[in-house]
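**Student:** Now for the letters of each chain:
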Amino acid sequence: MSDSSTLQRSGVDFRPYLEVARKIGGGIVMLILTFIGLTAITFIIGRIMPNDPVVAIVGDRASKEVYEAMYLQLGLDKPIWQQYLIFIGDILRGDFGSSVMTGQPVLEDIKRFFPATLELATIATIAGIVIGVPAGVLAAVRQGTLIDHIVRIVGLLGHSIPIFWLGMVALLVFYAKLDWVAGPGRIDFFYDGIVEPVTGVIMIDAAMAGEWDVFKNALSHAILPASMLAIYSLAYIARMTRSFMLDQLNQEYVLTARVKGLREGTVIWYHAFRNVLVQLITIIGLTYASLLEGSVLTETVFAWPGIGQYITNSLFNADMNAVIGGTLVVGISFVFINMLSDLLYRIVDPRAK
Amino acid sequence: MIVKFTTPLKSLSLAAMLATTAAFPAIAETPADTFVIARNTADAITLDPAECFEFTGGRIVANLYERLFLFEPDNLTKLVGGIAESYEFSDDGKKITVKLRPGLTFHSGNPITAADVAYSLGRAVKLDKTPAFIIKQIGWTPENVDEAVVAVDDTTVEINILADMSPALVLNLLSAGVASIVDMKEVQKHEVDGDMGYAWLKDHSAGSGPYKLKTWKANEVVMLDAFDDYRQGKPAMNRVVIRHVAEPSAQRLLLEKGDVDAAMELTADQLKGLSGNSDVSAESYPKGYLMYLATNMDHPVLSKPEVREALKYMVDYDGMVGSFLDGQYKIHQNFWPSGMWAAATDTPYNQNLEKAKALIADAGLDADTKITIDTLNKSPFTEVAQSVQASLKELGIDSEIILSDGATLWPKYRARKHELIVARWGPDYSDPHSNADAFAHNPNNDFEAKLTGKLTWRNAWPADGLTELTDQAAAESDPEVREEIYAKLQKMVQEDSPFTIMFQAIGTFGQRANVEGFVNGVTSDQAYYKTVTK
Numbered sequence: 001m002s003d004s005s006t007l008q009r010s011g012v013d014f015r016p017y018l019e020v021a022r023k024i025g026g027g028i029v030m031l032i033l034t035f036i037g038l039t040a041i042t043f044i045i046g047r048i049m050p051n052d053p054v055v056a057i058v059g060d061r062a063s064k065e066v067y068e069a070m071y072l073q074l075g076l077d078k079p080i081w082q083q084y085l086i087f088i089g090d091i092l093r094g095d096f097g098s099s100v101m102t103g104q105p106v107l108e109d110i111k112r113f114f115p116a117t118l119e120l121a122t123i124a125t126i127a128g129i130v131i132g133v134p135a136g137v138l139a140a141v142r143q144g145t146l147i148d149h150i151v152r153i154v155g156l157l158g159h160s161i162p163i164f165w166l167g168m169v170a171l172l173v174f175y176a177k178l179d180w181v182a183g184p185g186r187i188d189f190f191y192d193g194i195v196e197p198v199t200g201v202i203m204i205d206a207a208m209a210g211e212w213d214v215f216k217n218a219l220s221h222a223i224l225p226a227s228m229l230a231i232y233s234l235a236y237i238a239r240m241t242r243s244f245m246l247d248q249l250n251q252e253y254v255l256t257a258r259v260k261g262l263r264e265g266t267v268i269w270y271h272a273f274r275n276v277l278v279q280l281i282t283i284i285g286l287t288y289a290s291l292l293e294g295s296v297l298t299e300t301v302f303a304w305p306g307i308g309q310y311i312t313n314s315l316f317n318a319d320m321n322a323v324i325g326g327t328l329v330v331g332i333s334f335v336f337i338n339m340l341s342d343l344l345y346r347i348v349d350p351r352a353k
Numbered sequence: 001m002i003v004k005f006t007t008p009l010k011s012l013s014l015a016a017m018l019a020t021t022a023a024f025p026a027i028a029e030t031p032a033d034t035f036v037i038a039r040n041t042a043d044a045i046t047l048d049p050a051e052c053f054e055f056t057g058g059r060i061v062a063n064l065y066e067r068l069f070l071f072e073p074d075n076l077t078k079l080v081g082g083i084a085e086s087y088e089f090s091d092d093g094k095k096i097t098v099k100l101r102p103g104l105t106f107h108s109g110n111p112i113t114a115a116d117v118a119y120s121l122g123r124a125v126k127l128d129k130t131p132a133f134i135i136k137q138i139g140w141t142p143e144n145v146d147e148a149v150v151a152v153d154d155t156t157v158e159i160n161i162l163a164d165m166s167p168a169l170v171l172n173l174l175s176a177g178v179a180s181i182v183d184m185k186e187v188q189k190h191e192v193d194g195d196m197g198y199a200w201l202k203d204h205s206a207g208s209g210p211y212k213l214k215t216w217k218a219n220e221v222v223m224l225d226a227f228d229d230y231r232q233g234k235p236a237m238n239r240v241v242i243r244h245v246a247e248p249s250a251q252r253l254l255l256e257k258g259d260v261d262a263a264m265e266l267t268a269d270q271l272k273g274l275s276g277n278s279d280v281s282a283e284s285y286p287k288g289y290l291m292y293l294a295t296n297m298d299h300p301v302l303s304k305p306e307v308r309e310a311l312k313y314m315v316d317y318d319g320m321v322g323s324f325l326d327g328q329y330k331i332h333q334n335f336w337p338s339g340m341w342a343a344a345t346d347t348p349y350n351q352n353l354e355k356a357k358a359l360i361a362d363a364g365l366d367a368d369t370k371i372t373i374d375t376l377n378k379s380p381f382t383e384v385a386q387s388v389q390a391s392l393k394e395l396g397i398d399s400e401i402i403l404s405d406g407a408t409l410w411p412k413y414r415a416r417k418h419e420l421i422v423a424r425w426g427p428d429y430s431d432p433h434s435n436a437d438a439f440a441h442n443p444n445n446d447f448e449a450k451l452t453g454k455l456t457w458r459n460a461w462p463a464d465g466l467t468e469l470t471d472q473a474a475a476e477s478d479p480e481v482r483e484e485i486y487a488k489l490q491k492m493v494q495e496d497s498p499f500t501i502m503f504q505a506i507g508t509f510g511q512r513a514n515v516e517g518f519v520n521g522v523t524s525d526q527a528y529y530k531t532v533t534k
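Chains A and B, in that order, give the protein sequences. Residue numbers in the first sequence follow the numbering used here, run continuously in steps of one, and reach 353 at the last position. Residue numbers in the second sequence follow the numbering used here, run continuously in steps of one, and reach 534 at the last position.
Simulated from the structure, these hints should not be mistaken for lab results. Backbone N, C-alpha and C fix where the C-beta goes; we use that ideal spot for every residue, glycine too. Each statement offered as a hint is correct.
Derived contacts from chain B toward chain A, CB cut-off under 8 Å, selection only:
#1 Lys-217
#2 Glu-220
#3 Glu-247
#4 Ser-249
#5 Leu-253
#6 Glu-256
Let the sequences and hints guide you as you build the complete structure.
**Tutor:** Here it is in structure tokens:
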């Protein structure tokens, strides 16, 4: 007598719930495996980098005694597997060590820099979806027309124009000449520190505190850099939407639907687009995740204190704790967004249920 | 000998009172009482004076802390008392007795006492971070420093010199950032596991300088607040904000727009571009880096005195400064950078190819002699090497340029494997001994001696006579006599050495036209926000 039959006899069919639980369990196992792989790779990279972690901390003029004390303190005398276990243990306790560069615990730094990136990436992705998806659909439906050409050209430009150049020009025009938006930086310094950081995303924090001056200033600073990233993401999303849609529009079921006399809008959005959604979610998820890595160039041009600049500067300073911490966070957000995409598939794709 | 420093008047407080506290202005202009600087602060890793040895951090530390002795912005070559009121050398020159100015306080309100001085210097030596070597030269070690620097009473400190070094040189060493005086009580309050406040001071301040640290968000912003009870009066600028802006073009936009008062990393081209805007001005100050051409004395032909002299007449100084070095370097032909005490500024050498040709006529250099020029694979080293190569060609000598990155070039240089090299040297602290030690001192020229920190040794030059003179200058206690010896040493190196010192770096920045009194000197210890007015 199996468990399921017992459950069935009680009058309620638990099997779908068990199925869901099994999937969630599987997801968690996958997450753990991914995490182990991620930590192993970052750990190995941290160890094979040709710079001396001790020198990075104590400086190259340090005496032998100071050097050796730090060597022991970092546990570099222990066997490599033991170092890895210590490393994992520290991470599980949320201890990524301290950054040589900022003197702060890496976790504190990430809490400060990651929301700045999250802010831009989220705005950019939303803009990418809101503008890019309809543009892509439109281009596919009107294939070969002027609209299609415009979307394709914008798609190409968004992908090929160097972002630092575009950013500089945008600053010159909209900040220096027209004075429509605020300049480089995340917030004007006289608004700095007014709002207590809760989420770390200044706009949300300001809105929660009802400090609308701060909100406006932060928004004014975010518009240009977010637009730069949005151009990148919408160009990609529009191009992909167009090609997915073209695929679907050539399918027989679309022809059938049209022959049946369905309205064109229904054919496009209800039939064809729904089949594109799954692929589109993957693309959007990947775009969002790659924006969450932070864009070093955009962050540099706009003096934006994001995670991309943080990881890059850490690399230049051989600040391995910060590099590993930053990389892990980026990796985890990738995994997380992948899971989120998986979840969305199940909602939009009946076969995945 | 007793030297007494006068106390400057508290003249700045009125300006500070007049300065309005305009908050949240809508226009793109910085508040009248706030000085905003755009700068690439990525190099800042600590604000602990015992550890800080970076450009950005050094400049901030110089405004948070005071030293016993320091240079004031009105005369950057004259060492004066900081928190020291007077000093006295013992007859044997082995002890300095320092009297502190009375009535001074730290930011915390704690009085500045001799115990703070002893603690601060001891702390720097015991922590033994990168810049500690500057004061460890005095013969101090973590073990002996507590006996070497002693608080006699509340306002008297006894400083014992344990190395063969003049007390005058020690005064200069004590003007370095690493010798900043920290607030012992405040630091001890934040001590963790006997770390002497190391973890805490990294991003906090406990000093007596014109400014105290309000916030430091790495790679984002540093904010300093004026110290009300600063010994020279509260500075005019209530707040100094240093914004991290890595991209020079963004710095320029912010400056022209008026969102910042000064932009520190504008390129030469960008500074030229500012000339059309009357709201901003291009400023420059001398930096400590010297660009030189050096000859390996192990080379049979290049080491001949007439060849080395020919090199000095061969270099196209004006041509380089007039073209690719414009705005970045100026001609300087002595081993101690101008803008520093005892620096000689004469530039006797101009390009004179006829004279150079005549000099090498009998040296055995001919078309078959092929020489190599090593340098860094980055601008402007590459261009300077190319200019040297072109000049050599005019003398009928073929040469080959070898470009390497630092990781390759410096070990090669330290192993004496170069022939000619174009390189750069900067002083570690504000005393000519710092460079004399590199350019004019070589107690043992044997390869096995491995004195790789000295440029003389790297170029296999025994520096006969100069070595003794350098030691003598370091041990001399009369500043005037020292100055004379350094003048002589500089002349000797200029006239006959493996070094053709060519250029000194210039720091450039842009500032708003209404900014006055923003003084920058050769070292990071010489950046002054306290004199800024708008």
